[in-house]
Amino acid sequence: MKLKKYLTLTRAGIIEALQFRLSFVVMVIGNLLYLIVVYFLWKAIYASAGTDIVNGMTFTDTLIYLVLATALFNFMEMYTVWEIGRNIQSGKIVLDLLKPMEYRKYLFWSYSGSFVTQFFLTFLPTFIAVAAVTHGAIPLGINLLYFVISVVFAVSINYSIDFIVGTICLYTESIWGINIMKQVIVLLLSGATIPLAFFPETMKTVLHWLPFQSIYHAPLSILLNANPQPEKMLVTLGTQAMWCIGMMILSKLFWKASLRQITVNGG
Amino acid sequence: MKRKGFGFYLRIYCKILAQDLKSKMSYRADFIISTIGMIFTNISGFVSFWILFRNFPSINGWSYYEMLFLYGFSLISLTPVQCLFDNNWSLRQYVYSGDFIKYCFRPINLFFYYQSEVFDIKGLGQLAFGIGTLIFAWVKIGLAFTPLMLLKMIVFLLTASLIMIALQNAAAASCFWIQNSFYVLDLAYRFRDYAKYPITIFTPVFRFIFTFVMPIAFIAYYPSLVVLRPDAVPMLSWLSPLIGIAFFYVSYKIWMYGAMKYSGTGS
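First to last, the protein sequences are chains A and G. At position 147 of the first sequence the residue is numbered 147 (my numbering), and the sequence of numbers has no breaks. At position 130 of the second sequence the residue is numbered 397 (my numbering), and the sequence of numbers has no breaks.
Treat the hints with care, since some could be wrong.
What the simulated footprint calls covered on chain G by chain A, stretch by stretch (three residues with Cβ under 8 Å from a Cβ of chain A suffice, anywhere in the stretch; the number is not a length) [as the list claims (entries may be wrong)]: (1) 280-292; (2) 305-318; (3) 361-369; (4) 427-434; (5) 504-518.
Between beta-carbon pairs, the in silico distance windows are [to be verified]: (6) G:Phe412 / A:Ile249: 53 to 59 Å; (7) A:Arg86 / G:Cys281: 29 to 35 Å; (8) G:Phe412 / A:Tyr171: 29 to 35 Å; (9) G:Phe412 / A:His208: 42 to 48 Å; (10) A:Arg11 / G:Gly274: 46 to 52 Å; (11) G:Ala411 / A:Leu140: 56 to 62 Å; (12) G:Val480 / A:Ala137: 29 to 35 Å; (13) A:Leu140 / G:Val480: 33 to 39 Å.
No wet-lab data here; the hints were simulated from the structure. Predicted, not measured: the structure shown is a model, and the values here were computed from it. Note that the Cβ used here is the ideal one computed from N, Cα and C, for glycine as well.
Whole structure, please, built from the sequences with the hints as guidance.
Below is the structure:
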């Protein structure tokens with residue numbers, strides 16, 4: 001019974017997302033354009049490098065990595081910060097807080113419908129297209145299962161970070177600046193714009209200890225690894241699980257401590 | 268109605284600008300955070316560049332400093348659209364809610380009045396960053412510095428800005444016909460990320476598309492060649508001022524056509 005109320009929100013989200021069909025078309029064009037630019041940019045980069053393998057990654061590896069990172073980004077970007085910020089400004093947050101569900105959960109599940117639509121409309125087609133274009137450069141085996149588990153962790157960590165940043169909006173009442181800062185930091189430090197393999201050693205070491213690499217780097221490197229060693233896999237997934245729990249607790253506590261801050265003008 | 272002169276519009280612009288700045292200053296925290304966010308975006312772009320070139324000395328015959336020059340050039344040329352035409356982002360909300368009708372009743376140019384209402388100060392941070400990058404690259408490449416060069420630079424920077432402004436105007440105006448123009452605007456906004464790459468990395472088909480269908484190459488590549496590689500300036504570079512003006516004019520007409528067609532929501 002408990003799950004049912006969440007799934008109702010998922011269903012509402014799917015219906016809502018399907019209302020905006022045109023935006024899907026524009027989004028597909030935008031992604032296509034991005035893929036074209038990335039393809040040619042890295043092709044030129046590898047052509048100038050003179051060698052086939054740079055930092056242990058071939059051109060195909062890099063391409064798959066970056067394309068799927070974009071697909072993952074579209075899938076995971078929930079605009080949570082915007083949602084919270086807007087709800088604070090409009091005062092709607094008061095109504096949401098009165099709902100018989102934790103706000104953190106309510107927000108997540110009302111967005112979850114988009115996970116379903118995004119998965120089938122953008123992630124899966126991209127995945128199939130990449131697998132076909134690269135002639136099976138993506139190993140299809142047990143790593144797919146690990147990949148799915150890893151993505152679930154990634155979604156959760158990403159959401160917790162978003163929620164923490166959204167909570168900061170309660171204090172600053174600034175949305176745009178906070179959101180852009182978060183986006184820039186997450187995308188760069190998680191290896192979504194440039195694979196972490198290309199980063200300088202010291203930066204790699206530092207990033208290893210931060211939660212961001214669990215969002216994009218971890219699932220993608222699992223996917224590209226054909227023969228996963230059990231120990232290594234366990235370390236990657238274990239790190240993700242730890243960050244997942246840690247960030248969840250942190251975001252909950254921060255929200256709880258910040259709730260008193262809310263000021264709503266009228267209503 | 269008598270046509271109002273340039274001086275008249277300039278006076279009005281200053282008055283509106285002063286009001287806008289006053290209202291911005293009452294949200295000081297938001298202003299500071301937004302500025303920091305903007306600086307973050309620029310720094311992250313710079314860091315990505317640096318990481319990329321640590322691994323590869325040149326891309327397709329373009330050295331690090333030449334690419335940096337393009338990057339700085341694109342940052343500066345994107346400043347006017349950021350600072351002066353930011354209200355385009357709110358257009359769809361005004362149109363949707365019906366508030367847009369208030370602009371239709373003023374005895375001054377509708378387009379001018381609408382765009383003048385918001386001045387986005389955080390774009391100035393980007394301008395400073397862009398100028399710094401450009402000067403740094405300029406010195407490192409060892410380009411000559413003469414008054415003529417400076418004049419060329421300014422003319423072609425303005426050209427490049429016009430293209431981006433035109434793209435954004437047209438994208439924003441799409442909300443007069445379709446409901447949710449956010450994705451169209453977002454698509455146009457993403458063009459600026461691609462502007463910083465030399466168009467020679469693409470195959471001829473895409474070179475044609477990015478020159479004539481989606482004129483991304485005019486945002487930085489073609490105009491900057493005039494200064495960056497003065498020995499071999501393609502015809503399109505010299506033509507870019509005309510193309511910029513033409514594009515701007517067309518986008519203005521589209522915008523006005525949509526606005527004139529607008530009938531309000533009846534509330």
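Ascending list of hint numbers which this structure does not respect: Of the numbered hints, 1, 3, 4, 5, 8, 10 do not hold.
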